[in-house]
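Protein chains in written order, with our numbering: chain E, 1 to 239; chain D, 1 to 264.
By construction, these hints were calculated from the structure, which means they are not laboratory data. Treat each hint with caution, since some may be false.
[Unchecked claim] Facing chain E, a subset of chain D residues (Cβ under 8 Å, in silico):
(1) Leu9
(2) Arg97
(3) Leu101
(4) Asn104
(5) Ala106
(6) Phe175
(7) Glu179
(8) Ile186
(9) Phe190
(10) Phe191
(11) Leu192
(12) Leu255
(13) His256
Cβ coordinates follow ideal geometry from the N, Cα and C atoms, glycine included.
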Amino acid sequence: MAHLRFDSVTVRYPIYNAHAQSLRRQIISLGTGGRLAGNSDGLVTVTALNDVTFRIEEGDRIGLVGHNGAGKSTLLRTMAGIFQPACGTIDREGRVSSIFEIGAGLDLELSGYENIRRMALLIGLDRAHIDSAIPEIEELTELGNFLSLPVRTYSAGMMTRLMFAVATACPPEILLVDEILGAGDAKFQQRAKVRVEKLIQHSSILVLASHADELLRQFCNRFFRLNCGSLVEISADEL
Amino acid sequence: MWRALQSGLADLTQTARKLPVIIYFTWSDTKARYIRSVLGPLWLVLGTLIGVVGLGVLWTSLFELEPQDYIPSLTIGLVVWQLIAGCLVEAPALLVRKANLIRNIALPTTFFGLESICRQSINFAHNWIIVAGVLLVYPHSTSLSLVALSILGLLLTLTNLLWICIVLGIVSARFRDLEPLVGSVIPLLFFLSPVIFRTEQATFAAAIVWCNPITYAVNAIREPLLGHTPSASLYLAMAVAAILGWIVTLLVVGLHGKRIPYLV
């Protein structure tokens, strides 16, 4: 049974400026007892998620809202297991698939087909599965002969289609999507909707972060609002 | 400390489980290189060949060396050097260049180190065409057990290279000026490595040459193929370096691996 449970999860990360990223400067500051570095040691710690607790169970379709920098992307990456929390526990059950950035993980020099194989392998599918999923991916992307061309010739919308098709090729139990579904054209949006609905029927979990309230109402049945790293659950009317 | 070791080990196990993925990546990369140009990775072999011929002719005539001994020694030395230098030059950028993958897919930290070693090993394997050719022209009597010893040397070299690449990748994700630093040290190391000379010829600077870890790798792989039996301490030193290095690496991965997605 797929589920995703956060228990008082806090994510903090250090941000280093060019000064702090220099080994030479660190060594100099050692030699001078740190006086040269002074207060400007260039290290800022950001608390991106603050004591976040929630339970997502099978069949939940979460819409994630919040202003820019509220922590939506950080939350999604923490859900995916990319960012590790500073404190709190995460209980995740089920295979995760994610679509975070346009073109993420794509090798621009390789063809669409080759990228499909690589991404699918990276997210943990086996090769027999991938080969059997390729016709379906071809159909969903509608990229036709473009799939044989290097991905650098694709538009942002085409890359989104490719990534969405790969991420949903073998129904993941947990699908995390950040914003970018809006990049496809109307027809692709329609197909994506059908696809996501089909995924939901296989009782998986969807978390979709977006600023487009209409899109969220269409896809989701629960809504989370993030504000400066704190999370509250809201109703559809409060969107 | 114990927990860091465990989490480092867990990272490595995950990478091991992804080995088929890495092999597929390496294989398809190599295939793509053959498709793009007829010679594919053999272009690299051509470069090595030019190096062997150029340096071989120059040094044998300059120092009146015996080509029968010198050319095979130079060739194997150069090929091993290219493997090591290739890995080291690439290592600091491993994680930083893959930032867009690391920030989007949960992958073990050690994954990229192993991928790089596999890629470099393919080039290395191609370069053995030249070694085979040179050994045909200038045959050296060697035995099966000596060849096995040379393979042991290669395995120890790769084991050590892997942990070095992983650590360099992690440290230079934090300290970005490590990459130019490594880039400027590597050419210097070339002259301290027994590539264009043999260790026993460097009597005047033997201590310095033996301080260079690459000396051990080159000798451990090269000497058996030329019919000499290197001392067991050579292999012992490499094995000890591998064990200590891997303990440190697992600690580094365990303590800092989780921060990599924030750093790159």
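The hints, checked one at a time:
1. Leu9: violated (17 Å)
2. Arg97: Violated, about 12 Å.
3. Leu101: holds (5 Å)
4. Asn104: Holds, because the Cβ-Cβ distance from D:Asn104 to chain E comes to roughly 4 Å (cut-off 8 Å).
5. Ala106: Since chain E brings a Cβ to about 4 Å from D:Ala106, closer than 8 Å, the hint holds.
6. Phe175: Result: holds, 4 Å to nearest chain E Cβ.
7. Glu179: Since chain E brings no Cβ nearer than about 10 Å to D:Glu179, farther than 8 Å, the hint is violated.
8. Ile186: Hint violated; D:Ile186 Cβ to chain E Cβ min 17 Å, cut 8 Å.
9. Phe190: violated (23 Å)
10. Phe191: violated (24 Å)
11. Leu192: At 22 Å from the nearest chain E Cβ, D:Leu192 fails the 8 Å test, so the hint is violated.
12. Leu255: violated (12 Å)
13. His256: Hint violated; D:His256 Cβ to chain E Cβ min 11 Å, cut 8 Å.
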